[in-house]
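Protein chains in written order, with my numbering: chain A, 2 to 327; chain B, 14 to 301.
Misleading hints may appear alongside valid ones.
Computed far set for chain A versus chain B, every beta-carbon distance over 10 Å [unchecked claim]:
(1) 17
(2) 135
(3) 152
(4) 160
(5) 199
(6) 202
(7) 203
(8) 280
(9) 306
(10) 312
Restricting the straight-line Cα-Cα distance to at most 27 Å, the calculated cross-link-like pairs of lysine-lysine (DSSO-like) are [as the list claims (entries may be wrong)]:
(11) B:132 <-> B:296
(12) B:107 <-> B:296
(13) A:209 <-> B:296
(14) A:209 <-> A:180
(15) A:209 <-> B:294
(16) B:202 <-> B:98
What the hints contain is simulated information worked out from the structure, not anything from laboratory work.
Ideal placement from N, C-alpha and C gives every residue a C-beta, glycine not left out.
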Amino acid sequence: MINKKIRFVYLYVPFCLFLLFVSYFGPIMVCDIIFFSLMYAIASIGWAIGMYVGQLSFGHAAFFGIGAYVAAISYVKYHVTPWVAFIIAPLISTLVAVAITFPSARYGVRGPFYSLLTLALAEVMRTTFLAWDFTGRALGVWYRIVPDSLINFQFHSTHAPYVAIALIILTVGLSLLIKMQQTRVSYGFITTRNNEDAAQAIGVDTLKFRVLSSALSAIITSMSGILYAQFTLFVSPENAIGTYVNVDILLPAVIGGVFSPYGPLLGSFIINPLMWLFRILFGAEVLHMIIRGILLVTIVYISPRGLIGLFTKISSKKEGIGSEEA
Amino acid sequence: MQFDPTLFLELLFSGLFQGAVYALIGTGLTLIWGTMQVVNFAHCTFMTLAAYITFWLFALFNLDPLISLPAIFALFFLLGFLFEKFSIEPLIGKPREATLLLTLGVSLIIQNAILLVWKANPRIVNPIFTGSLRFYGLNINIPRFISFVIATISALLLHVFLTKTIYGTTIRGTCQNRTAAHLMGINVKMVYAFSFGLGMACAGLAGVLICLFFPIDPFIGDPFIVMTFTVIVMGGLGNYLGAIFSGFILGVIEYFAAYWIGSLLRLTVPLLIFIIVLLLKPKGLFGD
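Please build the complete structure, drawing on both the sequences and the hints.
Laid out in C-alpha cells, this is it:
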C-alpha cells in the first residue's frame, strides 16, 4: 500500500512539471484546457470529500459560486486584491456548509435527502443572486481588464500563471487529503459512510465527521470558484451557480473515482479535453451536455466507483485483497 | 397594503390550480420513491418530454391536448416500465448513489436532446377551451381550471387505486417490506416496474396539463424539480394524500410569494420551506 502511494507521488511531480512546461511554451488554447481541467479537478476533489462520509451533494455549485462571487465582488466593488478571496471565501463557504450540514446531521437528513437539500441550497442561492442588486442581478459582475500583475490576479499575455496557481492549490489539496487518509479521521469518514447508525452505536461522533467533511469540501470547492472568476473575469448566476455547474463539478470525480484522491484529477483530465475537442468539432453546447449525460450513465453501469475503482477492483482481485478502497 | 378580497381569492385559486399539477407530479414521484427507494431525478424532465410530445401531436396532427392525454398516459406508462426494467433494475443492490447519478445523467440527456430537436424557443399549444370565466368578479382561466380538475381527479384516482384495489395493496405491501412481499408470492420486480411506469405516467399527464396554460420550453422542468421534491418531502415520502395536500399548499405559497416578494424570488420561498421542513420535520408535515 505504501509502495503504491510513493509511486503516485513520483508520477505526480513530473506530471505537474510537464503541465507547467506545456502551458508556458505551448499554444494558449492548450494552456486553457489544462487550466480548466485543473480547476474542475479541484472542485471535484472538494465534492469527493463530501462523498467520503456518504454525502452526495448536488449543490456544490453554491460553494463554487461563493468563491467566484467573493473574488469578483471584492475586486470590482471594494477595489481590494482578489487574493483576499482566498481568506473570505473559505470562511463564508464553511459557514454555509456548516449551516446546512450541522442541522442535517443532527436531525438525520441523509442519503438522497441530503442531495436534494444541497440542490435546494444552490437553487436558493442562484435565484437570490438573480434578484439581488449587490451581486449584480442577472448581469453578474464584470471585471475591469487591467495589465498583468500578480496583485490583481490577472494574466493576459500568457495564461500559464493561472495554471501555476491552480497547481499549487491542487497540490495543497491533494497532500491534505493524502495526509488525512493516514489519520483516524479517514476511519471516521468510512464508518460514517458505511453505516451511520452503527457508527453512532459504537460511539463514533458521526456529526463531527459529517460537518468536518462538508466544511473541507466547501473550502476546496470555493477555491476553485475563485480561480474560475479570475480566469473568465465575469461571474453571473448562470455560469457560476447554474444547474450545469453542479454537473461539471461532480462529473470528474464520478468518472475518475470518488474514493481515491487522484480519481477526480484523472476524471477531469479525461473529460475536459474531451469536451474541448467536441466543442471544436461540433460547436454545439447542447451536444456536449448530452455526451456528459451519456458518460455519467455509462460510468454508473461500468463501475460506480469510477475508473480508478475499476483498476483497484481488478488489482485487488489479483492480489486477493477484498477490502474497499479508503 | 390594503386587503383586497378579490385579489386574495384570485391568488388563492391560481395557486390551487398550479398546486394541482405539483400534486400530480409529486404523487408519481412519491410512488416511485416509496416502492423502490429510488429518487427519480429525471421525473420532471420526462414531464417536459411529455409536454413536447403533446406539442408535436398538436402541431403535426392538430390533436388537442385533452385528446392526446390518454395516449400520453399509456406511452409514458410503457416508457417508465421499460426504463425501470432495463436501466434501474440492474442497479438495484449497487451503491445507492448509482441510481441518483443515473437519473441525473438521463435527465441531462433528455433535456439537451429536447433542446437539440425542438430548439430553445418557447412553443405554444392552443387548446380548444380558452379564455376565462367570470365568477362573482373573479377571473378564472378555463385551461387552468380544466388542468386543475384533471390533475386533482388523477391524483385522487391514483390514491384510490393504491388504497382500494388489490394491485394497489400489492404495491403498498412491497413498500412496507419487500422481503415479506416476495415471500408472499408477489413478483417484486414486476411491482417495481409497474409502479415506476405509473409514476412516470403521472409525470406524462402533468406534462400534457402544463401545455394547456404555459408556453413550453426545454427548461420548463427545472423549477419543477425542487418544487416536486419539496412536495414529496412535505407530504412525507410514500404518503400519497400528504403529497396531494402539500402540492396544493405549495402552489398557493408560490403564488402569494410571487405577489408579495416579486416574481424572481417566488421559487425561493418554497425552497426555504423545503430546507426547513427537511431539517425540522424530515418525516413530513403529515408524517406518521
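Taking the hints in turn, this is what the structure says about them:
no.	hint	result
1	17	holds (30 Å)
2	135	holds (14 Å)
3	152	holds (36 Å)
4	160	holds (29 Å)
5	199	holds (16 Å)
6	202	holds (20 Å)
7	203	holds (22 Å)
8	280	holds (14 Å)
9	306	violated (8 Å)
10	312	holds (18 Å)
11	B:132 <-> B:296	violated (40 Å)
12	B:107 <-> B:296	holds (25 Å)
13	A:209 <-> B:296	holds (23 Å)
14	A:209 <-> A:180	holds (19 Å)
15	A:209 <-> B:294	holds (22 Å)
16	B:202 <-> B:98	holds (8 Å)
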